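A.B. asks: So you can see what is in the structure, the chains are spelled out below.
2 protein chains.
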Amino acid sequence: MENPVLAEVTRGNTVESRHRGAAIVIDAEGGVVFSAGDVERPVFPRSAVKAIQGLPLIESGAADRYGLTEAEIALAVSSHSGEPLHAETSLAMLKKAGRDAGCLECGAHWPMGEAAARALAKSGAEPSALNNNCSGKHAGFVCLSCALDEDPAGYVKQGHAVQQAVRGALEEVTGAEHSSDRMGIDGCSIPSYAVPLKALALGFARLGTGHGFGPERARAAARIRAAAAAHPFMVAGTDRFDTRLMSLLGARAFTKTGAEGVYCAALPELGYGIALKCDDGAGRAAEVALAALIGRFLPMDESTQVAFAPLREAVLKNWNGTEVGRVRAPAG
Amino acid sequence: MENPVLAEVTRGNTVESRHRGAAIVIDAEGGVVFSAGDVERPVFPRSAVKAIQGLPLIESGAADRYGLTEAEIALAVSSHSGEPLHAETSLAMLKKAGRDAGCLECGAHWPMGEAAARALAKSGAEPSALNNNCSGKHAGFVCLSCALDEDPAGYVKQGHAVQQAVRGALEEVTGAEHSSDRMGIDGCSIPSYAVPLKALALGFARLGTGHGFGPERARAAARIRAAAAAHPFMVAGTDRFDTRLMSLLGARAFTKTGAEGVYCAALPELGYGIALKCDDGAGRAAEVALAALIGRFLPMDESTQVAFAPLREAVLKNWNGTEVGRVRAPAG
Numbered sequence: 001m002e003n004p005v006l007a008e009v010t011r012g013n014t015v016e017s018r019h020r021g022a023a024i025v026i027d028a029e030g031g032v033v034f035s036a037g038d039v040e041r042p043v044f045p046r047s048a049v050k051a052i053q054g055l056p057l058i059e060s061g062a063a064d065r066y067g068l069t070e071a072e073i074a075l076a077v078s079s080h081s082g083e084p085l086h087a088e089t090s091l092a093m094l095k096k097a098g099r100d101a102g103c104l105e106c107g108a109h110w111p112m113g114e115a116a117a118r119a120l121a122k123s124g125a126e127p128s129a130l131n132n133n134c135s136g137k138h139a140g141f142v143c144l145s146c147a148l149d150e151d152p153a154g155y156v157k158q159g160h161a162v163q164q165a166v167r168g169a170l171e172e173v174t175g176a177e178h179s180s181d182r183m184g185i186d187g188c189s190i191p192s193y194a195v196p197l198k199a200l201a202l203g204f205a206r207l208g209t210g211h212g213f214g215p216e217r218a219r220a221a222a223r224i225r226a227a228a229a230a231h232p233f234m235v236a237g238t239d240r241f242d243t244r245l246m247s248l249l250g251a252r253a254f255t256k257t258g259a260e261g262v263y264c265a266a267l268p269e270l271g272y273g274i275a276l277k278c279d280d281g282a283g284r285a286a287e288v289a290l291a292a293l294i295g296r297f298l299p300m301d302e303s304t305q306v307a308f309a310p311l312r313e314a315v316l317k318n319w320n321g322t323e324v325g326r327v328r329a330p331a332g
Numbered sequence: 001m002e003n004p005v006l007a008e009v010t011r012g013n014t015v016e017s018r019h020r021g022a023a024i025v026i027d028a029e030g031g032v033v034f035s036a037g038d039v040e041r042p043v044f045p046r047s048a049v050k051a052i053q054g055l056p057l058i059e060s061g062a063a064d065r066y067g068l069t070e071a072e073i074a075l076a077v078s079s080h081s082g083e084p085l086h087a088e089t090s091l092a093m094l095k096k097a098g099r100d101a102g103c104l105e106c107g108a109h110w111p112m113g114e115a116a117a118r119a120l121a122k123s124g125a126e127p128s129a130l131n132n133n134c135s136g137k138h139a140g141f142v143c144l145s146c147a148l149d150e151d152p153a154g155y156v157k158q159g160h161a162v163q164q165a166v167r168g169a170l171e172e173v174t175g176a177e178h179s180s181d182r183m184g185i186d187g188c189s190i191p192s193y194a195v196p197l198k199a200l201a202l203g204f205a206r207l208g209t210g211h212g213f214g215p216e217r218a219r220a221a222a223r224i225r226a227a228a229a230a231h232p233f234m235v236a237g238t239d240r241f242d243t244r245l246m247s248l249l250g251a252r253a254f255t256k257t258g259a260e261g262v263y264c265a266a267l268p269e270l271g272y273g274i275a276l277k278c279d280d281g282a283g284r285a286a287e288v289a290l291a292a293l294i295g296r297f298l299p300m301d302e303s304t305q306v307a308f309a310p311l312r313e314a315v316l317k318n319w320n321g322t323e324v325g326r327v328r329a330p331a332g
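Residue numbers (the working numbering), protein chains in the order written: chain L, 1 to 332; chain H, 1 to 332.
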């Protein structure tokens, strides 16, 4: 039984490419609102669960101890484009904990944002770990480690106190076992555990409502959501999908992309969590598939609908600026 | 009936992503050697058919009239990375026809090769149409137009003599109708026509053998194949798959990637043509799927097999250089 098509890519009047996948919308008590495809198969959530991974930073008191700002908390749950403000903010977080970029264990890469990468190249500089799209999360890990009075060295390893706290939060919030048998190493070197989409959606429903959380965790979740809503640029960057979505919808949608076609979201006013993965790992498909689900369930006034339309259906242009096709959820 | 998985992406010991698609291997008389998935559904070949699109450049006498070198002929059937040698060679072709880069109608984009793009940015320059991955093909179109005594202006349009010649060659070589109903606009602004994979594979079997061609076309096809085998860098660029394949296999394999997960190849000594498309348009999957088919049919000595192995199975590393997974054809 194959997963359904979540997104199609047209050229002229022909469908050129098709993206299959699975998606689920669930409420915080586990009631399934929508389900398509195999939502029980374990998938690596990758960066889509950074907000859950960020809970210990708040709950431990580290964020308050080091006086992290709302923008810094947003960056701690981001996959940012490595633009100057992102890199500077990561460094500021590290400095608040008395550390510097030398502590980061995520590795260096050229900014994910192409314009930022070219600007950095033009300046003659080389990228550092601060430009890594995960540097905000890693700066948060370093802050957490310091607040726990643990040496940050090796904080990416499965056995380090930071990763144990992160894994504990993931298991509690999603309700799914995070098994070493289903562990992979993420792009930024921390463990990623494959769990069912259904558990990820439930985790996001809880994250969006606090339902099933103790008061401290509920406050931490609300603080992270508020930070992302107030600083959507920090969560991703220029022209990025999360930034566009949350700039438009504010606190009504908390969304987070993950590598290999994963997307998770919470729609707090509805109490819904969403999780989807495109089988083939395509981000372009995950984006329009997520927008289709948000558009299906979240009421929007007319002007919001108009602004939302390009998120649901992306226009593909060629190098002369001529429209050649679309990326969209299939009709019906 | 869904297409089979042509490539899978692992992380740790888990399959993280899967790419479905269709593939066919056929001989020059149309005998099917291998077939998987729906090979009758029309697909846009995109840049995979540049060698067929390049036949009129040779057959018209334009290549000889302007004294195009073997390297320039290779560039005329390339999707190059926009590296300096590619851009310079495109310009040299245009100058031989008494033209310059202002004639190019492909649009400008940053070099497809990331290192080349950053080097260009570092130099303070902006990309021109010469950096467009199709600039060699377009320079060939301008040469063809001039040799036909046609004004090159508008050479990308369906009605221009250049595109009529190209469409004619495509129809004759593949044996498939290239219908305006199945036309899309390619990234470089020329028409692309969706045709069955089976027809594309047949076209490549003919291109690799000359079988079914008149002597002039057979010579033109052989000249293009020889140019690519002698100048694999010109066909793609640094670290690119076509360049790696043809650098290793020489004239034993003529391969050409196309956007949205298409790959075509000819294995002249076997008389086989290959065409495949990943449903989702993923290039990473098309690459290993093509390598799997070449590896299945083309005999290789032991040292070639060793060098070929990384083409069949790509290692994915994270930003710290740690292996995190593989891209490969599924076992069995």
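Quick caveat, the hints were computed from the structure, so don't treat them as lab data.
Any given hint could turn out to be false.
No distinction is drawn between identical chains; accordingly, a pair holds when it is met within one copy or between any pair of copies.
Simulated crosslink set (DSS-like; lysine-lysine; CA at most 30 Å straight-line) [stated by the list, open to error]:
| # | residue 1 | residue 2 |
| --- | --- | --- |
| 1 | 122 | 157 |
| 2 | 95 | 157 |
| 3 | 157 | 96 |
| 4 | 317 | 157 |
| 5 | 122 | 317 |
Quantities reported herein were computed from a predicted structural model and do not represent experimental measurements.
A.B. asks: Next, verify each hint and record whether it holds.
C.D. replies: Hints and how they fare:
no.: 1; hint: 122 with 157; in the structure: neither (35 Å within a copy, 36 Å between copies)
no.: 2; hint: 95 with 157; in the structure: within (22 Å within a copy, 58 Å between copies)
no.: 3; hint: 157 with 96; in the structure: within (23 Å within a copy, 60 Å between copies)
no.: 4; hint: 317 with 157; in the structure: between (43 Å within a copy, 17 Å between copies)
no.: 5; hint: 122 with 317; in the structure: both (26 Å within a copy, 27 Å between copies)
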